[in-house]
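Take these sequences, add in the hints, and give me the full structure.
Top line first, the protein sequences correspond to chains C and A. Be aware that the first sequence starts at 1, since it is given in our numbering, and climbs by one per residue. Be aware that the second sequence starts at 1, since it is given in our numbering, and climbs by one per residue.
Quick caveat, the hints were computed from the structure, so don't treat them as lab data. For every residue, glycine included, the Cβ atom is placed at its ideal position computed from N, Cα and C. Where hints are given, some of them may not hold.
Simulated restraints on C-beta separations [as the list claims (entries may be wrong)]:
#: 1; chain 1: C; residue 1: D66; chain 2: A; residue 2: E156; range: 49 to 55 Å
#: 2; chain 1: A; residue 1: D56; chain 2: C; residue 2: A10; range: 15 to 21 Å
#: 3; chain 1: C; residue 1: R88; chain 2: A; residue 2: Q129; range: 24 to 30 Å
#: 4; chain 1: A; residue 1: Q129; chain 2: C; residue 2: G286; range: 26 to 32 Å
#: 5; chain 1: C; residue 1: P147; chain 2: A; residue 2: R15; range: 43 to 49 Å
#: 6; chain 1: C; residue 1: A205; chain 2: A; residue 2: H122; range: 40 to 46 Å
#: 7; chain 1: C; residue 1: S251; chain 2: A; residue 2: C102; range: 43 to 49 Å
#: 8; chain 1: A; residue 1: H122; chain 2: C; residue 2: S251; range: 43 to 49 Å
#: 9; chain 1: C; residue 1: S13; chain 2: A; residue 2: F5; range: 21 to 27 Å
#: 10; chain 1: C; residue 1: V157; chain 2: A; residue 2: Q101; range: 41 to 47 Å
Stretch-level coverage of chain C by chain A, calculated; a stretch enters the list once three of its residues show a Cβ under 8 Å from a Cβ in chain A [claimed, not checked]:
#: 11; region: 1-7
#: 12; region: 37-51
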Amino acid sequence: MHTFAYARPASLSEAVALLDAHGPDARVLAGGTDLIVRLRDGSAAPSIVIDVKRIAELRPGIREVDGRVVIGATTVMTDVAADPLVRRHFPALAEAAAVVGSVQIRNRATLAGNICNASPAADTAPPLLVHGASVVAEGPGGTRRIPVDELFVRSGVTTLARGELVIAIELPIPARRIASVHVRRTRRRGHDLASVTLTCGVDAAGITRLAYGSVGPRPVLVTDDSGVLVDPAASDEAKAPILEAMFAAASPSPRSMRAGPEYRLAMLRVLGRRALAEAIDRLAAGE
Amino acid sequence: MVETFPIEVTVNGRRRTLEVAGHHSLLDVIRDDLGLTGAKECCLVGECGACTVMMDGRTVDSCLVLAVEVDGAELTTVEGLATDGKLAPIQEAFLDKGAVQCGFCIPGQLMSAQALLAEHEHPTLAEVQEGMAGNLCRCGCYQQITDAILAVAEGER
Chain C
1 MHTFAYARPA SLSEAVALLD AHGPDARVLA GGTDLIVRLR DGSAAPSIVI DVKRIAELRP
61 GIREVDGRVV IGATTVMTDV AADPLVRRHF PALAEAAAVV GSVQIRNRAT LAGNICNASP
121 AADTAPPLLV HGASVVAEGP GGTRRIPVDE LFVRSGVTTL ARGELVIAIE LPIPARRIAS
181 VHVRRTRRRG HDLASVTLTC GVDAAGITRL AYGSVGPRPV LVTDDSGVLV DPAASDEAKA
241 PILEAMFAAA SPSPRSMRAG PEYRLAMLRV LGRRALAEAI DRLAAGE
Chain A
1 MVETFPIEVT VNGRRRTLEV AGHHSLLDVI RDDLGLTGAK ECCLVGECGA CTVMMDGRTV
61 DSCLVLAVEV DGAELTTVEG LATDGKLAPI QEAFLDKGAV QCGFCIPGQL MSAQALLAEH
121 EHPTLAEVQE GMAGNLCRCG CYQQITDAIL AVAEGER
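As structure tokens, then:
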């Protein structure tokens, strides 16, 4: 590995000041499961690495505050997947966290890191989009909340400003339960990055939310409030054009090594229908 | 001049004070500074699990942790599994079932197996497969490794 300066600020203000001072020459270290790979292969070469795991405001933990579930920025996937609040209100997020990497990776990788890397294939992005999550960002100008849908730009690029870092992820507990399902397609059984990663959520008002990744430069959220998709009496012919319109935002790259665009688009449709059917079943079962 | 940092860790029950370079991985320090060569350097991207150690009771790929990050942590390496010169049940079971061919991946396999059994006293086959999926074996001993873990769970050891 190249050498770099290492800083472990004890306070949020110190971390923000360091990030602001070094700008693009700084990288934030949370779980490190992506960053350390990149430090080693040279695709990231920061002059300073800022370890945020000793900052009180970013401490791991999941708690309910004023009708929201607040997930501390350094909470790891293992704990997200096992958390009772997450499993009750946001089942697809627990499912997605449980399929990221291996046990060893999930014991280290953080939810905030998965989002801040802005990988189009991030498995936790679709459930966060479906459940209307926001990140809480702290920066030189103070604190602001950014809906996850407004955070992603393209692979590795977010709308976080210079000096800003994510301190928590918040999910509103909906007045009407959203029954959600996460599904993915990989090249092989076992651990792999997703060729398609997708979450579907439905609620009793008939609103269907679909979010998908690994089929374009950033994860996408689309919503249908016609009620047709969840209507048991509606025909497949009635549902098909609505679903097609929801899949229209997919634009997989022809250059990706994991799967060709034709395959991804075909699997997107299969997974979308499968997840929709399962979400409807879960809503009916009260899960 | 490489900047170094003082860290305090407990390694296999023994308190250690070390001076580590900021860009050295936990694996570098375990192998080169502490001389504990059970954990292996292999893929260096967190896919193979040959470098698996336990940090505060949870398995991690030590190639993906900076040594300076473990300041204050409690570490167990494969060298810490046996107590008083007596192999742990999981180690005995690996021998019984012939779960070792070349042996390169085995320290990592043992750490993941130990962690799996600590979490699931009686794991299902699916839980074993998921719990061990972060450890690759190029000799293909998966069946024997699975047998060894299930043997411990079933009280054969």
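Next on the checklist: Of all the hints numbered above, which does this structure not satisfy? Sort the numbers upward.
Outcome noted: none
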